[in-house]
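Let chain E serve as the given structure and place chain W on it in line with the hints.
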Amino acid sequence: MAQFLQQMVNGLSIGSVYALMAVGYSLVYSIMNFSNFAHGGVIMFGAYFGFFAMTQLKLPFPAAFAVAFVGTAVLAVVIERIAYKPLRERNAPFLYFIISAMGASIFLENIIIATIGPTFRTYPDVFGRTSISLGSVAIGRLDLIMFVISAVCLAGLVLFIEKTKIGRAIQASAYNMKAAALMGVNTDRVVMIVFALGGMLAGIAGVFFGMKYTVYPQIGNITTKSFVAAVFGGLGSLPGAVLGSVLLGIIETLVAGYLSSQFRDLIAFVILIGVLVFRPTGIMGKTTEDKA
Amino acid sequence: MRVRNIVAAILVALVLISCGGAQKADVIKVGWFGALTGDQAVWGNNEFNTVKMLFEEINAAGGVTVAGKVYTLEAVGYDNKGDAQEAVNVVRRLTSQDKVIAILGPNASGNAIPIAPILESAKVPDIATVATNPKVTVLDGKVKPYNFRVCFIDPYQGAVAAGYAYEVLGSRKAAVLYDVSDDYSQGLRQFFVENFKKLGGEIVADESFKSGDVDFRPQLSKIKSQNPDIIFMPYFFKEVALSANQARELGMTQVMMGGDGWPSEQLISMGGAAVEGCYFVNHLDYDDPDVADYKARYLKKYGIETELNGYLVHDAVLMLVDALKRADKPDGESVAKALESTNIKGITGKIAISPETHNPEGKDAAIIKIIGGKYKFQQKYAAK
Numbered sequence: 001m002a003q004f005l006q007q008m009v010n011g012l013s014i015g016s017v018y019a020l021m022a023v024g025y026s027l028v029y030s031i032m033n034f035s036n037f038a039h040g041g042v043i044m045f046g047a048y049f050g051f052f053a054m055t056q057l058k059l060p061f062p063a064a065f066a067v068a069f070v071g072t073a074v075l076a077v078v079i080e081r082i083a084y085k086p087l088r089e090r091n092a093p094f095l096y097f098i099i100s101a102m103g104a105s106i107f108l109e110n111i112i113i114a115t116i117g118p119t120f121r122t123y124p125d126v127f128g129r130t131s132i133s134l135g136s137v138a139i140g141r142l143d144l145i146m147f148v149i150s151a152v153c154l155a156g157l158v159l160f161i162e163k164t165k166i167g168r169a170i171q172a173s174a175y176n177m178k179a180a181a182l183m184g185v186n187t188d189r190v191v192m193i194v195f196a197l198g199g200m201l202a203g204i205a206g207v208f209f210g211m212k213y214t215v216y217p218q219i220g221n222i223t224t225k226s227f228v229a230a231v232f233g234g235l236g237s238l239p240g241a242v243l244g245s246v247l248l249g250i251i252e253t254l255v256a257g258y259l260s261s262q263f264r265d266l267i268a269f270v271i272l273i274g275v276l277v278f279r280p281t282g283i284m285g286k287t288t289e290d291k292a
Numbered sequence: 001m002r003v004r005n006i007v008a009a010i011l012v013a014l015v016l017i018s019c020g021g022a023q024k025a026d027v028i029k030v031g032w033f034g035a036l037t038g039d040q041a042v043w044g045n046n047e048f049n050t051v052k053m054l055f056e057e058i059n060a061a062g063g064v065t066v067a068g069k070v071y072t073l074e075a076v077g078y079d080n081k082g083d084a085q086e087a088v089n090v091v092r093r094l095t096s097q098d099k100v101i102a103i104l105g106p107n108a109s110g111n112a113i114p115i116a117p118i119l120e121s122a123k124v125p126d127i128a129t130v131a132t133n134p135k136v137t138v139l140d141g142k143v144k145p146y147n148f149r150v151c152f153i154d155p156y157q158g159a160v161a162a163g164y165a166y167e168v169l170g171s172r173k174a175a176v177l178y179d180v181s182d183d184y185s186q187g188l189r190q191f192f193v194e195n196f197k198k199l200g201g202e203i204v205a206d207e208s209f210k211s212g213d214v215d216f217r218p219q220l221s222k223i224k225s226q227n228p229d230i231i232f233m234p235y236f237f238k239e240v241a242l243s244a245n246q247a248r249e250l251g252m253t254q255v256m257m258g259g260d261g262w263p264s265e266q267l268i269s270m271g272g273a274a275v276e277g278c279y280f281v282n283h284l285d286y287d288d289p290d291v292a293d294y295k296a297r298y299l300k301k302y303g304i305e306t307e308l309n310g311y312l313v314h315d316a317v318l319m320l321v322d323a324l325k326r327a328d329k330p331d332g333e334s335v336a337k338a339l340e341s342t343n344i345k346g347i348t349g350k351i352a353i354s355p356e357t358h359n360p361e362g363k364d365a366a367i368i369k370i371i372g373g374k375y376k377f378q379q380k381y382a383a384k
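Protein chains in written order, with our numbering: chain E, 1 to 292; chain W, 1 to 384.
Keep in mind that the hints were calculated from the coordinates and are not lab data.
Where is the CB? At the ideal position from N, CA and C, for every residue including glycine.
There could be a bad hint or two in this list.
[Unchecked claim] Okay, the calculated beta carbon distance ranges per label pair:
hint	chain 1	residue 1	chain 2	residue 2	range
1	E	Gly-117	W	Asp-183	21 to 31 Å
2	W	Lys-376	E	Val-277	51 to 61 Å
3	W	Gly-200	E	Ile-98	54 to 64 Å
4	W	Lys-197	E	Ser-260	12 to 22 Å
5	W	Gly-373	E	Pro-62	27 to 37 Å
6	W	Lys-123	E	Ile-99	51 to 61 Å
7	E	Val-277	W	Lys-374	51 to 61 Å
8	W	Ser-264	E	Ile-99	45 to 55 Å
9	E	Val-70	W	Glu-194	32 to 42 Å
10	W	Gly-277	E	Gly-135	18 to 28 Å
11	W	Lys-210	E	Ala-181	41 to 51 Å
12	E	Phe-107	W	Gly-200	53 to 63 Å
13	E	Ile-132	W	Gly-373	22 to 32 Å
14	W	Lys-99	E	Ile-99	55 to 65 Å
For reference, chain E alone in the conformation it holds in the complex (with noise of 0.2 Å):
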């Protein structure tokens, strides 16, 4: 029982890592209606840009976590000005944008690799190594508070969609752009807004994965197994990207737990083939055009 409360606790850990990632994947494949797989790099550059901010600029945590994801939405931007937007003026086909999206990727990684380096750094130490201890069940600090930040993030971006003009005029564009555009309603500055806003929740996680697993060129990568998490719960749904993160961590968790760590991902993985053959949308994904 102390191992199942405790692999429950370490799968809500996982997946709230896998959702801060994923709702930015959502965000941007709902206005774009393409996989934005430069997500990943720029979730490492905010890894990067807090832990320079605090060991660099001797910024205090709150600060530097400003700077991270300040300067991610800004760098989100910039990217859909120069990778994105040439395509969207030219009406060019969905794997044009995917394949602009990998080179951007490929780019951010290695010029990382070519100016910092490849080397592992290490995040001052902000919370603690020390996990708060409910009988048997260890719970991280750094995963209590990276759980509750995420929540009160993600409520915000609901908040800010649901009730703000902005918000408004991000879901005309989502339902359908040209219409949307028809309307009034400037795209290509719901576009901006919608790129920063997935940049600022990249900046978030990659804060808190630089804090969790330290700072490298790659940790970019963990972004497929959250990809794969939007999928599940539903591209373009922000509470389904949330919602599959979450089942993705548990289910996870659980095979390694109690069926083989071997299979860990083979198991995880059939089931949600499984999932997406009598729900090709996800949990709750509404569209069902074919989209990539």
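Only chain W this time, still in chain E's reference frame:
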């Protein structure tokens, strides 16, 4: 008269030349190859410098006696740039052109594996330095007749770790976490498990992950529930640091142990307090009194510190000199035969070559413990 004088002078000269030639025949040429340029150049230069230094010392002390005759040693070294294709070319040149009777190096398994056919056709033995892959000396269960090595092989580390954990640390219940996508990790795990069970220990958890994973808590929680005495972690420093940190976060206090994938400056900076008090297996200890003399001689001659490779090529030279002394004739075939029965004490430990594998069997490994963020040598240990 004058003609006769000239003839006499020519005869004398011829005798002198032939004498000179005879003196030249008292030199034994030994080949060396490795990377002298490129990103492995540090290790290659270190090896070749060590070989040259040792040959000078041996010659100054009177040379080597082979089958009752005294010879001096001459090193012929070539750069293969760490390239496997180039390794083949260089060995061909050493055997056919320079007519060396034995070759030392290379350090990399990938360069040591492809040279076997050339060694066999030329009947020249080779002693690899830090090439730890089992395939360097044994292929498909058959020993390669002219390939030898001076270091222990990857699976052996697993056996050493098991022995030390059971005999010295007194562990009875062990858990293993390993990288299922890595040959090195799998080999170490297999031999740790086999040997630990053979000694009478119990493997309470055998969990795996795959390269690139960053979260090990599901596996660690499972291990925790089995309450082992020790956790064996045969993989590289990055995953070691992450998994050790996560284990400590889960409240696990067990001692952890690993292999030669651990030592790195970054292990300490990333792992910090989590790896404190943990052990790993290494080829040797740099502070071991046995290596101090060589280390000092090298530093004095070249003005820089020697690397891991230098210690191993040092013992490769000891192996060769020992084999030369016992050989029937100064040729490759006889030296190879003598190498098969090598049993000497090197600075990196006991070197007893097995004729079946051409590996030094039961060679001492160094056990290192992490104390106060420093690598502290504990003792030498050989698996039985």
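Range hint 27 to 37 Å: satisfied by the CB atoms of W:Gly-373 and E:Pro-62?
holds (30 Å)
Assuming the hint says 55 to 65 Å, is it satisfied by the Cβ distance from W:Lys-99 to E:Ile-99 or not?
holds (58 Å)
Between the beta carbons of W:Lys-376 and E:Val-277, is the distance compatible with 51 to 61 Å?
With a Cβ separation near 56 Å, W:Lys-376 and E:Val-277 satisfy 51 to 61 Å, so the hint holds.
W:Gly-200 and E:Ile-98, beta-carbon distance inside 54 to 64 Å?
holds (57 Å)
Is it true that the C-beta distance of W:Lys-197 to E:Ser-260 lies inside 12 to 22 Å, as the hint says?
holds (20 Å)
Given the hint of 41 to 51 Å, check if W:Lys-210 and E:Ala-181 actually sit that far apart at their C-beta atoms.
holds (46 Å)
Between the beta carbons of E:Phe-107 and W:Gly-200, is the distance compatible with 53 to 63 Å?
holds (56 Å)
Falls inside 22 to 32 Å, the C-beta gap from E:Ile-132 to W:Gly-373?
The hint (22 to 32 Å, Cβ to Cβ) holds, given that E:Ile-132 and W:Gly-373 are roughly 27 Å apart.
Does the hinted range 32 to 42 Å hold for E:Val-70 and W:Glu-194 at CB?
violated (55 Å)
For the hint 21 to 31 Å, verify it against the beta carbon of E:Gly-117 and that of W:Asp-183.
Given about 27 Å between the Cβ atoms, the range holds.
Given a hinted range of 51 to 61 Å, is it respected by the beta-carbon distance of E:Val-277 and W:Lys-374?
For E:Val-277 and W:Lys-374 the Cβ distance comes to about 55 Å; the hint holds.
For the range 18 to 28 Å, tell me whether the beta carbons of W:Gly-277 and E:Gly-135 fit it or not.
Once the Cβ atoms are compared, 26 Å apart, the range 18 to 28 Å for E:Gly-135 and W:Gly-277 holds.
Consistency note: the structure conflicts with the earlier hints numbered 8, 9.
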